[in-house]
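Colleague: In case you want the letters, here they are:
2 protein chains.
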Amino acid sequence: MSRSEKLKEQVIEQPNTLKIEPPKSPHHHIQPFIHLSHTANPIKNNVLLILNQKITIDLISFFQKTDISICADGGANRLYEYFNNDEQLRAQYIPDYIVGDFDSLRPEVRSYYESKGSRVIHQAEQYSNDFMKCIYCIQLHYYLRDEDKTWPEDINEENGIAQLWESLPGDKHKEVKIYVLNAVGGRFDQSIQSINQLYILNESTPNLSLFFITASDVIFLLKRGKNYVTYDDRFLFSKSGFPSCGMLPLSNKPIILSSYGLKYDVREWTSKMMGYVSSSNSISGEDGFIVECSDDIVMNIEIDV
Amino acid sequence: MSRSEKLKEQVIEQPNTLKIEPPKSPHHHIQPFIHLSHTANPIKNNVLLILNQKITIDLISFFQKTDISICADGGANRLYEYFNNDEQLRAQYIPDYIVGDFDSLRPEVRSYYESKGSRVIHQAEQYSNDFMKCIYCIQLHYYLRDEDKTWPEDINEENGIAQLWESLPGDKHKEVKIYVLNAVGGRFDQSIQSINQLYILNESTPNLSLFFITASDVIFLLKRGKNYVTYDDRFLFSKSGFPSCGMLPLSNKPIILSSYGLKYDVREWTSKMMGYVSSSNSISGEDGFIVECSDDIVMNIEIDV
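The listed protein sequences correspond, in order, to chains A and B.
Just so we're aligned, residue 520 is where the first sequence starts under the numbering used here, counting upward by one.
Just so we're aligned, residue 520 is where the second sequence starts under the numbering used here, counting upward by one.
Extracted from the complex, chain A is given alone in its bound form (with noise of 0.2 Å):
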């Protein structure tokens, strides 16, 4: 069989759309656009962090459905920006935390923050980066939050959140979901890194589920064994109602993939880079669909509405 039958083999045509049902073993439930759902209210655990690149999408949706809202560095001067002129929009959108060291903060974004009640935290390490940073601000939230603690006065100014938060004892970890704008689409190398960080998060902290929202997709990561993806349906993030969607084994091995409710589905695919990377492929299921993978691998699903 030559190569390429071989691979029409393993990959099915579907229908345009699909009903798929829900697994019946343990899998991992993933809901990439809660945020998009028409609820008013702000959903309990959910976070938006906003890294420092120029905002291109609708930022109030964002603030309206996450509990706690989060700017890392320069993403304040960002979020400062979005609201052009209109002082009493930028107003009502006030981050409850800047965090970073603090290379790219403006001085009068920082002053307007501070004055308005955001908790600024000075992390100057050099060693990680402003977005681990606030990994570690988000965990600390929620931990003192439940536990009804506050924030202690003093913060060590070189890595105090880090340390505090690898001093607690016992089960601090909270299922927590963060909506991450701006940590894909600009500088590749920046793209790239968020990516690395991904993997890495859901190794020490499978706790936390990461969303990276940029201007055209939203980016996440399936994991290891069986993942049921869902949504209201398919026109809540898609015009068409047919999503481009694409699974990209970035993690420096090859992944074997199986999925049902996708337009080009797979059965014991291998992907890998160099190889079979499974791209402008769209959605068929109608409200969700399963992709199992020998290991964990990113997806990305076209946002054009």
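No wet-lab data here; the hints were simulated from the structure.
A hint or two may mislead.
Identical chains share a label here; the pair holds if one copy fits it or two copies do between them.
[To be verified] No farther apart than 20 Å at their CA atoms in a straight line, the calculated lysine to any residue pairs in the SDA-like style are these:
(1) Lys584 x Lys696
(2) Lys742 x Glu685
(3) Lys791 x Tyr646
(4) Lys791 x Tyr718
(5) Lys758 x Asp622
(6) Lys772 x Ser813
(7) Lys758 x Gln572
(8) Lys791 x Ser647
(9) Lys543 x Ser630
(10) Lys791 x Asp814
(11) Lys573 x Ala734
(12) Lys791 x Ile719
(13) Lys745 x Glu540
(14) Lys772 x Thr789
(15) Lys772 x Glu722
(16) Lys758 x Ser623
(17) Lys563 x Tyr612
(18) Lys745 x Tyr612
Given chain A, work out where chain B should sit, using these hints.
Modeller: This is chain B only, laid out in the frame that chain A set:
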């Protein structure tokens, strides 16, 4: 020695500006910024390739510095739209080729460019993408030119240009430099598929040098062995003179790196996804720097002029 001590030892913080001497041993010479140099003339065997995403950079300079231009399918729509209602300007920048399965190319765009002399080549085959079809077209173009031959009248509309290229005998490979617009920076699956093809093409046709141009950076391959990356001066592509950069191990294996002329130079430093990745580094070499790598690795350099 702790992990972070070991990391520090292999990373050397350099001054912001360094003079790096050219390597005396054999090396790959890479010039990513030729298109920004102060010459008004097209550069021989330089190609502009436009993929199907909104064009957000200065397109004109690329037309001026390349000797042929090619649009992949709907890339022609984007070129057309780039000029808004300026008919006069639009008529000055006509692609030499439009190639693809034409599931995106709009009929009025096709007619317009055909009437202006573009060669429009329909290739229906679905098991390679429009980008790869364009790569075959580019290689054929230079082969035919150097052999003083013309394009055949009839090209099989399924996969004729791939067939034609494969059927050619002998030393058909020419040194060609291809600037690709819109390969990276839009939907993430498309970005990663582009990177995948960057690696694969370098194995199959190392005579092609690809440079992916985004709104933020240029992305290219450092090749196994010693790479000498040069430019007239850093202000050509960086307002500050200190352009950010990264080295991104996206090929399924750990890469050992040594660099000379970066802000954070590395020595025998193992880089891999789910491990260390050099991001948010910057360039200290005044007119060049050197990277030795144990295998091909993606590099990006910020462009902010």
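Colleague: Compare the structure with each hint and give your call.
Modeller: Consistency of the hints with the structure:
1. Lys584 x Lys696: Only inside one copy: lysine 584 and lysine 696 sit 11 Å apart there, 47 Å across copies, limit 20 Å.
2. Lys742 x Glu685: neither (25 Å within a copy, 40 Å between copies)
3. Lys791 x Tyr646: between (30 Å within a copy, 17 Å between copies)
4. Lys791 x Tyr718: both (16 Å within a copy, 12 Å between copies)
5. Lys758 x Asp622: Answer is between; shortest inter-copy Cα gap is 18 Å, intra-copy 40 Å.
6. Lys772 x Ser813: both (10 Å within a copy, 18 Å between copies)
7. Lys758 x Gln572: between (26 Å within a copy, 17 Å between copies)
8. Lys791 x Ser647: Result: close only across copies, 17 Å inter versus 29 Å intra.
9. Lys543 x Ser630: neither (53 Å within a copy, 54 Å between copies)
10. Lys791 x Asp814: both (12 Å within a copy, 17 Å between copies)
11. Lys573 x Ala734: Both, since 11 Å and 12 Å are each at most 20 Å.
12. Lys791 x Ile719: Answer is both; intra-copy 18 Å and inter-copy 12 Å each pass.
13. Lys745 x Glu540: within (13 Å within a copy, 53 Å between copies)
14. Lys772 x Thr789: Result: close both inside a copy and across copies, 10 Å intra and 16 Å inter.
15. Lys772 x Glu722: both (15 Å within a copy, 19 Å between copies)
16. Lys758 x Ser623: Close across copies (17 Å), not inside one copy (37 Å); limit 20 Å.
17. Lys563 x Tyr612: Classified as within; 18 Å inside a copy, 53 Å across copies.
18. Lys745 x Tyr612: neither (38 Å within a copy, 50 Å between copies)
Of the numbered hints stated above, those contradicted by the structure are hints 2, 9, 18, listed in ascending order.
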